[in-house]
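Participant: Respectively, the protein sequence lines represent chains A and B.
At position 100 of the first sequence the residue is numbered 100 (this note's numbering), and the sequence of numbers has no breaks.
Take the position in the second sequence, starting the count at 1, then add 1000; the result is the number in this note's numbering.
Hints were generated in silico from the structure; no laboratory data involved.
Fair warning: there could be bad hints in the mix.
Stated by the list, open to error - If you anchor each label on the Cβ, the simulated ranges turn out as follows: (1) A/27 with B/1022: 34 to 40 angstroms; (2) A/47 with B/1027: 23 to 29 angstroms; (3) B/1118 with A/54: 19 to 25 angstroms; (4) B/1114 with A/47: 35 to 41 angstroms.
Keep in mind the model is a prediction, meaning the values are calculated, not measured.
Glycine residues also receive a C-beta, built at the ideal position from the N, C-alpha and C atoms.
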Amino acid sequence: MPVRPVMSDMTTKWEPPQTVNLVDLGFMDARSKLIDLAAFLDRVERAGQQGDFRVQALRRAINCLETDKPGRAREVLLSFSDPSTEPIPQALTQGAVGAWKGE
Amino acid sequence: MQYIEPHGHMVSRVTDDYERMAIAGCEAICEPAFWAGFDRASAQGFYDYFRQITEYEPKRAARFGIRHYCWLCINPKEAEDMQLAEEVMDLIPQFLDRPGVLGIGEIGLNKNSRNELRIFEKHVQIAQDHGQLILVHTPHLEDKLKGTRLIVDALKNFSGIDPSRVIIDHVEEHTIDHVLDQGFWAGITLYPESKATPARAIDMFESRQGERIWMNSACDWGVSDPLAVPKTMQSMRLRGWSDEMVRKVAWENPATFMRQSGKFPL
Ligand SMILES: [Zn+2]
């Protein structure tokens, strides 16, 4: 069995970044993504596809943005997640679709 | 600036990608064993794949001055077939002493099934028996939260597994705290649509003060970007990070984790 080397304690200590204007950096990107999201909801509604469980999940996730507390990204991710805790009997597919369909 | 790509599936990339990565500052690439874009028909297919990532890819990387390392396992996507999985796991020990092999990975869960979990635990046993590091893949999208919890619980049942020798990869905002708070390392994957963007990765690094976290492109058969790590390093500078802090997360952290294998010299 290989000998376990000693973990180095010499790692550089964390120093916080300098303050920068994060709104300058990110506003246009966030604005663009929000308009894309709005247009997506309009598009699926015009096509009568708003009942798809993924669209419903997206609308529920949007509610997570209303809070005044940080942690919105985490809450959005949790809202898309399978909340169950037991392994499933068998994997019938290999892929994931992005939103939990429910039991 | 120099960096390490700690998770790239180079068998799926063209040689030009090696060149672009070298120009961007990549000094080492670590390749976990994974799905090949299709289900392999037999254990022999894995034998050849293990030879490819232990013999051939290091030579392809060396042409561009990049060191290549790898991890071995049968991935969870192909682990629903228990007999195939057992045959592949029997092949692993004969490769463990090869110079570029850093440990067992990327093992984990895909759809969180019972068979996937059994095969995951058998791999952990191999790692424990042979004193190997572990690299864990967590499931995609809606399956990630449940899979990460199952993986952490399963690892905690092994008394011989030290969490500081295990990295749990593909964490996002809803799983990173659970992984780090249990003493494991965490990997953030920079992927165009799923997993994390550079901006979100930087948020997570900042909220955990860069501790026990690496970032990777996980470039593979899907739409992915082999230059995602240096692009994120550039975003870090725009976010006010010093060169020293960029180096900490792009070099020092992955090197610190992988040096525990005794085979990673950087
Ligand atoms: Zn991978």
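Participant: Of all the hints given earlier, name the ones this structure violates by number, lowest first.
Facilitator: Of the numbered hints, 2, 3 do not hold.
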